[in-house]
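Residue numbers (numbering that gives the first Met the number 0), protein chains in the order written: chain A, 0 to 126; chain B, 0 to 350.
Just so you know, not all the hints are guaranteed correct.
Claimed, not checked - Listed below are the simulated BS3-like cross-link pairs for lysine-lysine, each with C-alpha atoms no more than 25 Å apart in a straight line: (1) K119(A) - K191(B); (2) K118(A) - K67(B); (3) K67(B) - K161(B); (4) K119(B) - K320(B).
What the hints assert, rightly or not - Some chain B residues close to chain A (C-beta under 7 Å, calculated; not the full set): (5) Q23; (6) Q25; (7) E127; (8) P130; (9) V131; (10) N132; (11) L194; (12) N196.
Hints were generated in silico from the structure; no laboratory data involved.
What you are looking at is a predicted structure, and each value in this text was computed from that prediction instead of being measured.
Idealized CB from N, CA, C, for every residue including glycine.
The primary structure of each chain is shown beneath.
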Amino acid sequence: MSGWKTCPKPLPGDWIVISAGLLLVVMLFLTLWHGEHAAKLRIRQGDTIYATLSLDQERTLDIHGPLGNTRIVIHQGRARFVSSPCRNQYCVHQGWLSRASQVAICLPNQISLELLGAKKSYDSLNY
Amino acid sequence: MPMNLLLVVFTLLLNGCSHEPLYQSQSYVFGTLVDISIYGESEPRARELANHVQQEFQRLHDSLHAWKEGSDLTRLNAAFAQGETPVPVSPELAQIIQDATTLSTRSNELFNPAIGNLIKLWGFQRDEYSPVNIDADAINALVKQAPRMSGIVIEHGTAYSKNPTVRLDLGGYAKGYALDKAAAYLRQQGVKNALINIGGNIIALGQHGDHPWRVGIQHPRQPGPIAMLDLPDGWAIGTSGDYQRYFELDGKRYCHIIDPRTGYPAQGTQAVTILVPPAANAGTLSDVASKPIFISNAGDKAQAAQMMGITNYMVIDAQGKIFVSAEMRRRLQWPEKIMPKEKHVRLENLP
């Protein structure tokens, strides 16, 4: 046990391990740090808030709009439109929403998805 | 006991957070999403005011609808197509037409609400869009017939058109006009702080508590904002984009903004965002003035902005390259590190 009391000078191999570790941290930061992760999904149906749901669940929702049924899925902390009765399918093409403040709107079927973070980063969206 | 007291204080603090005096209402009018936020009024009063504004929007929507049977505009268009017989026109519609004519002239007719027949030909006078068979002959014929706002004559409460191919479509005007009406109404009612959003066109009154209203600008190709800014009291913001109303045919995108010079959808631009300083018609300008910039060729966009009196603007071209005017650049904040992340994105100053 006495050998542990003194700290030997790092060998070149140690420096390689330390550098590789630091590099990994930097790379992970750059690849994974994409703004604030969202905690909740707000679904609006027409002029009302249909639901505000945790993203921490696996769930499929069917919501009725003027054109018919829209299907929304929550999966692994993300949410998206999966199917919609609208013609253009812009809402489905928006794909997965995963970060706070991301929005997908289906104008024809009057349903919108918005991801909420700890604090709202803006009051309204210009588009 | 002190622990209990602490709990009470915490509960009160939390209560304070959740009872921010912010009222929000949402509806679908003008074929798009309408959002009204009112800050600092009691909830019953805010609801009453927002309902009044929503009803006024519905009235304008019904009156100015470009293709629904029975709207004031549809009836007027039918009369224009018939020939030069004057028909009665409401004072409001007469004033809208005169104002739109002035703005059309100022834009060298790049903003041209008289090309409803072209918009119809491209299938954009419908609730949902699908690819159309491009009728080049019909398009060229209509461009030759040159429907213009100056063809409309308004006198003694009546209107007629010297050019029967004039067909009004106020798609690039009505939402902005409605913003001005709503802002004027809320101010007159003593509302200090509100944010009104009609399909992305936004006007601000006052601010959100102790800080200005914050607005995100939609990324033209991704969900979520590309940039953010503070919208000060009285300012309006508007975007013309190729991503809300368009169809794709043979891999090419055709958006709803038609170049009146060619009769074809404008190409080469994903989005144009403009900021308009306080004025009685700030909302209208925020709707109208982005169109000439959007339609102009890349080299003429700065001049188009100048022509419309716009100094704050951002252009995103077909390659996703971002151009911002010096004034606009000072106001924009980039929420994520989009610049290094999207290598095709470049930020450039305009002259």
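Here's how the hints hold up against the structure:
no. : hint              : verdict
1   : K119(A) - K191(B) : holds (22 Å)
2   : K118(A) - K67(B)  : violated (41 Å)
3   : K67(B) - K161(B)  : holds (24 Å)
4   : K119(B) - K320(B) : violated (31 Å)
5   : Q23               : violated (9 Å)
6   : Q25               : holds (5 Å)
7   : E127              : holds (4 Å)
8   : P130              : violated (11 Å)
9   : V131              : violated (13 Å)
10  : N132              : violated (17 Å)
11  : L194              : holds (5 Å)
12  : N196              : holds (5 Å)
Of the numbered hints given earlier, the model fails hints 2, 4, 5, 8, 9 and 10; all others are met.
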